[in-house]
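Assemble the whole structure, with the sequences as input and the hints as a guide.
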Amino acid sequence: MAEKPFYLGEFEQLVLLAILQCGDEAYTVPIRELLSERAGRQVARGALFTSLDRLEAKGHVTSRMGDPIAARGGRPRRYFTVTPIGLEALRAARAAVATLSEGLESLLERP
Amino acid sequence: MSPTPSPIPPASHRPLAPPRAAEALVRRAIADERWRDVTLGDLGEEFAGRVAATGPARARAWYWRQAGSLTVQALVDAVRAPFRPAGGPLMSTLIRETRLAIRALRRQPLLTALVMATLALGLGANAATFGMIDALALRPFTFSGIDRLAVLAENSPDVPYQQSTISPANFLDLRERSGGTFTRLAAIDWWDVNISGGDEPELVQGQLVSPGFFDILGVQPQLGRAFVERDEVYGEHRRVVLSDSLWRRRFGADPALVGRSIRLDGLPYDVVGIAPAGFDFPNGTQAWAPLSFDAGERANRSSHYLTVIARLRDGVTLDDAQAAATGAYAQLKRDHPDETRDRALVVYSFTRGMTDYGLPRILSLWQAAALLVLVIGCVNVANLLLARGAERQREIAVRLAIGAGRGQLLRQLLIESVVVAVVSVPAALGVAWVVFRMVRTQMPAAIERFLPGWAEMGVDARVVGATFVAAVGAAFVFGLLPALQVSRPALTRTLRDGGRSASAGVGRNRLRRALVVCQVALVLPLLVMSGLAAIGAYRFANGDQGYDPDGVVRMKARLPEATYPDTAARRRFVSRLLEETARLGSSAQVATTSVTPSSQSNQRRDLVVDGQVVPEDALPRVNYRAVSGGYLELMRIPITQGRGIEASDRAETAPVAVVSASMARRHWPDRSPIGARIKFGRDATDWYTVVGVAGDTIDDWFQYRREPTVYVPVLQAPSAQVYLMARAAGGDGTSLLPDLRRAVAAVDPDQAVFEVSTMRNAIYERTTGIRFIGSLMAGFGVVALVLAAFGIYGVMAHYVVQRRQEIGVRMALGATRGDVLRLTLGQSAKLAAIGIAIGLALGVALARVMENVLFGVVALEPSLFVGITAGLTGIAFLASLVPARHAARTSPMQALRD
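Order-wise, the sequence lines are chains W and V.
1 is the number of the first residue of the first sequence in our numbering; add one for each residue after it.
1 is the number of the first residue of the second sequence in our numbering; add one for each residue after it.
Everything hinted at is true.
Partner residues aside, some chain W positions facing chain V, computed with beta carbon under 8 angstroms: (1) Arg45; (2) Arg72; (3) Pro76.
These are calculated hints, taken from the structure and not from any lab test.
For every residue, glycine included, the Cβ atom is placed at its ideal position computed from N, Cα and C.
As structure tokens, then:
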């Protein structure tokens with residue numbers, strides 16, 4: 001892999017976290033809702049799709065198509081799962097933040 | 001009981017589905033199909049939620065906003081993609097745009113097919129002509145180190161270029177003095193030779209060559225050896241190298257043949273080697289013997305008949321060689337001023353020197369015609385693309401509106417053009433392949449061997465490469481104008497008018513009309529070219545030859561020097577032959593001549609007219625024929641003054657001659673030639689008295705048309721070359737051939753006969769070149785005409801569609817159908833007239849060029865121009881008739897309502 005395996009962009013971290021939060025129901029609609037409601041990110045569909053494609057290409061997530069659903073006009077949902085690689089990348093990113101944050105608690109934490 | 005109604009309606013009957021049009025928009029906006037269904041599904045799901053939460057109206061509005069933003073996002077992405085650094089910017093952009101282009105082309109299969117067919121024809125014509133030029137003119141020879149080979153010629157300024165122009169003594173001097181420039185020099189002389197012994201005697205094409213010949217060409221015999229220095233010593237020269245094909249065909253590939261002796265022209269020759277397979281230079285040679293000069297020939301400086309080839313020393317350029325040659329020739333000029341007067345020694349590259357002088361010009365003519373076809377095709381394609389541009393106007397306006405640069409759009413449109421051109425290449429190569437096949441089957445073997453490189457002609461890597469280059473070039477020709485026009489940022493108008501207005505297309509329509517004018521203007525010269533070539537070809541083959549070829553047959557015998565060493569022996573042969581044929585007792589007329597019209601060879605003599613003084617070494621030359629009594633009558637060449645050659649003109653009677661009308665005019669412009677005395681060559685002793693004047697003949701359409709010709713009695717001047725001629729009382733004369741063969745065999749069973757054919761056939765073979773040019777050019781003409789008709793139709797049809805409303809208004813205001821028909825036809829007549837006017841000017845210029853290129857074979861013919869103009873006008877009329885009638889049928893109500 002040409003890119004650094006564990007490097008994750010900030011938005012990618014958020015997407016991975018959102019997928020983990022959604023559990024078994026991690027398909028595009030709730031992922032986008034979570035990003036909007038909990039992270040305050042109004043994400044364009046296209047941007048989310050591009051990011052998901054990239055994460056999948058890097059092996060951080062896998063996806064599968066669900067069954068056709070009548071409420072969606074007979075179209076399936078696309079479910080995402082974070083892979084061990086993705087999880088490792090998230091941990092590494094978090095660790096980096098934690099390491100660099102040491103001693104700055106007074107600055108960074110809200111009173 | 002809580003009466004909370006379910007906010008989401010049952011999915012089974014979906015009373016509220018998302019707006020279909022918006023869904024379609026979304027479908028278009030998402031290029032990635034893996035996401036397309038997911039997105040539509042997501043939107044559907046969320047839509048259902050919103051219907052429940054906010055009501056259907058708001059939900060629909062929301063859906064539309066989503067669709068709109070997705071569309072905008074998709075367009076922005078498409079436009080910005082090239083500038084994203086990720087993933088190899090330029091290449092990936094090009095690949096992506098190429099994919100886009102392919103998709104765009106697949107959306108319009110009919111249009112794409114039309115464009116591809118047009119391009120396949122145009123590019124195919126070019127591929128075929130390029131293949132011919134490449135094989136026949138650019139690299140007809142495949143010898144190793146061909147760029148180190150040169151050809152020498154002693155040219156006189158009044159002859160553009162001739163191969164065999166070096167005299168023996170000059171060759172020997174040059175060979176001695178040019179060691180610093182050339183590693184070796186070799187001279188080549190024609191040598192048709194009879195092979196006898198074993199099977200039927202046959203005549204094979206041979207060449208006499210200097211010892212260095214094979215070395216210079218870098219060719220080693222597969223068996224035995226090449227020639228060495230002592231082989232050219234006179235008396236030691238009866239040695240021969242045979243071609244592989246002759247060795248296999250006649251001697252069963254017997255390796256023991258080398259070292260044995262075979263009989264050539266009745267004399268024993270030692271076979272010293274067998275040339276490698278495939279080697280038959282020059283001109284399909286089957287046997288090579290050493291070129292050897294006796295003492296007299298060694299001193300001969302005035303007969304210029306040798307072709308000289310040479311290999312340059314390393315580091316010596318052609319220019320160096322030319323300088324050295326000029327220096328060496330200056331010495332010769334000082335030593336022998338008379339024989340070298342008005343001549344210069346010229347060093348040519350091998351390819352230039354060994355290919356036919358006229359061939360490159362004829363080939364360039366074809367290439368020019370093929371390019372014209374391609375350009376006309378391009379104009380058509382440009383028109384089609386303009387029409388499509390109109391349909392894409394809104395797409396392009398949207399892209400411009402959201403910030404696409406014009407350059408970017410131009411690039412995308414050009415890439416589409418390149419893609420369609422490139423995918424047409426395989427079909428074009430197919431067209432070229434078919435042309436090559438037709439060309440091959442048309443060309444008689446007798447002529448093929450004079451076209452070096454013919455065998456290599458075909459669709460090869462170079463042709464493929466050139467076709468790809470031509471395709472990309474063509475793409476720019478036909479793609480640029482429409483792309484410039486279509487990408488012109490006339491946004492607001494297009495968006496506002498919604499395509500109903502015709503005004504947005506004013507510039508485009510002007511361009512399309514200009515293209516039609518252009519097309520007509522280009523087709524006309526092409527038709528002139530085709531017409532001239534076709535007329536020339538027809539006239540050559542079927543026009544007046546100055547004699548009557550129908551019912552005449554001929555066969556040729558070449559009397560070998562060994563068997564027929566002197567005039568007495570040759571005279572005996574002819575006399576006995578005439579006796580034998582007379583014994584056949586048929587009603588056919590029989591005669592002999594040394595040269596027939598439309599044969600491969602010619603005889604020329606220096607003419608001395610008694611009492612007329614001409615400068616030394618500037619003797620006029622005339623065609624010379626030694627004929628038996630009755631030849632002129634047999635050929636039906638009219639005698640206009642005096643008498644013809646008669647059977648009573650024998651060895652022991654006074655020498656007489658009959659001259660052709662053109663010769664009489666040239667040498668006796670103000671008196672009758674009857675009674676004048678002539679001889680052939682300054683040193684000749686026999687004077688011939690002119691007793692008659694005969695009509696002119698066409699011996700060769702390219703060189704010898706109505707050329708001054710003299711006929712002398714064969715019994716007074718027996719020739720080594722004898723054509724036996726016969727005219728049948730009825731039919732084409734072929735039934736006479738077995739008897740004629742028997743007569744020759746009765747005189748000399750070892751004597752081979754060849755060139756056995758009817759005169760008609762001889763003319764056909766002799767005119768193969770021009771007929772070939774004619775049919776190829778006619779093919780180009782037809783293709784171009786079809787393309788032009790198609791172009792005119794397309795533009796007029798578009799014109800009618802565009803002006804529907806105007807026509808509707810006119811009709812509502814009282815215009816009749818006739819008026820509308822006149823209006824529409826008038827429009828196309830105007831375009832055709834402008835095009836024809838320009839085309840006529842171009843056509844006349846082109847006809848003049850062709851007159852030069854084809855050596856005066858074609859002439860500017862007013863009737864042709866009239867015919868072509870009428871034809872083109874007619875085709876323009878027909879092509880616009882359908883759209884015009886369509887316009888006239890317009891219902892005013894319907895047109896105005898639309």
